[in-house]
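Engineer: Spelled out from the first residue to the last, the chains are:
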Amino acid sequence: MKDCPPNAIRRSANGEVFIDDTCIGCGNCQVNCPYGVIRMTYEAPGKPGLWSWLLFGAGPGVGEERNYEPTAAQKAKGKKATKCDACGSLGTGPACVQACPTGAAVRIGPDQFLDLADQRRR
Amino acid sequence: MIHEDILRFRRARYAWWALCLVAMSVAIYATQGGRQRPGGGTWQGYVLGTLGALLIVWLALLGIRKRSYRSTLGSVQGWTSAHVWLGLALVLIATLHCAGLFGWNVHTLAYGLMCLVIASGIVGLYVYLSMPRQLAANSGGLSRAALFAELFGLDRQGRELARACDPVVGNAVRSSIERTSLGGGVLRQLLAIDRSLFMRTDPQQAQPSGAALVVGNTDQRAVIDYVARRVPQAAKRAEAANLQALIVLLSRRQAVLRRIRRDIQLQAWLQLWLYVHVPLTFALIVALIVHILTTFMYW
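Chains as they are written, first to last, in numbering that gives the first Met the number 0: chain A, 0 to 121; chain B, 0 to 298.
Don't read these hints as lab results, they were simulated from the structure.
One or more hints might be untrue.
Unchecked claim - Only part of the chain A face toward chain B is listed, based on derived beta-carbon distances under 7 Å: (1) Thr91; (2) Ala94; (3) Gln97; (4) Pro100; (5) Thr101; (6) Gly102.
Said to hold, decoys possible - Stretches of chain B that chain A covers, calculated by requiring three or more beta carbons in the stretch to come under 8 Å of a beta carbon on chain A: (7) 2 to 15; (8) 55 to 66; (9) 75 to 85.
Virtual Cβ for every residue (Gly too), placed ideally from N, Cα, C.
Kindly produce the complete structure, drawing on both the sequences and the hints.
Structural biologist: In structure tokens, the structure reads:
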């Protein structure tokens, strides 16, 4: 965070680290990330609507398209730093938690995390 | 409790909903009688049929809801819980709707398809509730890629050790590594069938041509036994030590292969039921439309 020239990488009140749109793509954060979660990527392609994907196979559909080739415009913009920000901008919480049909993915606070670790140890 | 399974979601709220729906359907069914025998043609039959058809459409909508990642219309877990309980209730509602009248026609076809969809859903529910835990226990927190990396490391060590051994043993170990079989077709994945082989040369039962025999090596047991039988025949202490090291390594390899094979098997079961459940749902919707159209055509 200290090495970010535009101060684009910050921590929210809930503890999530997020990178905002002022990222200049220098790659310092990727090099210094101790967990290896920050990646330099081109802008993701737009998603089609569900029906056009389902019925006509339009666009990359659900998930990330394999061997995706960025367009010239995306290449001109260059790579930017990306990481999971727990969908902070959605307001509904992380989309993975929302989309998990069996409730296996849950978002817990640091205190609950310690309880869980304690339970596992017993 | 941090995790809440889909059956007990919000204190099994949707189990109570399903129970209420079933009680209501039974009450509606019980009002039938008099001159007209119970069946799909009475007003009660139409009410139950409409309820069943609406339920089928709503149950199928889970496929759309679970892909609408930004939707705030309840959580997918809640939808899945309701999908399971109301789907189970549907068996009774549809049976009350037709009042047990079956025949060789499109109406019974729709009923049969619905039963198959629900049965495959029950299988899916079982695998979703039981297998993730088994998967985690089997892999010990390692990804499949990590298990394969461990296997390739053991393969490399095995080849090196085999080079230092008698050529007969060396060939057997090398061939057992090269002819290890993992995965395969649907049945082989689901039943974890192991068709591994290895090449054996028995000095006592030498082939007339002098060629080695290709024999089965299920669970790597045959090659481990083969190497173990060579230990007492070792002429030098160093050779015996090499063979001992080889047995330890082959046993470690056997354990990793078991974990990978079990991982493939569990993943296959986790996916298989959806290949039945989803296409049959589409077939059911088509049969349901034909059932409704023909019912009104021959009113």
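Engineer: All hints, please: hold or fail.
Structural biologist: Each hint tested on the structure:
1. Thr91: This interface hint holds because 5 Å falls under the 7 Å limit.
2. Ala94: Since the shortest Cβ distance to chain B is 5 Å, the answer is holds.
3. Gln97: holds, 6 Å
4. Pro100: Proline 100 of chain A check passes; min Cβ-Cβ to chain B is 4 Å, inside 7 Å.
5. Thr101: holds, 6 Å
6. Gly102: holds, 4 Å
7. 2 to 15: Three-residue rule met by the segment 2 to 15 of chain B, so holds; n is 5.
8. 55 to 66: Held - the segment 55 to 66 of chain B has 3 residues with a Cβ nearer than 8 Å to chain A, which meets the minimum of three.
9. 75 to 85: Since 4 is at least three, the answer is holds.
In the structure shown, no violation is registered for any of the earlier numbered hints.
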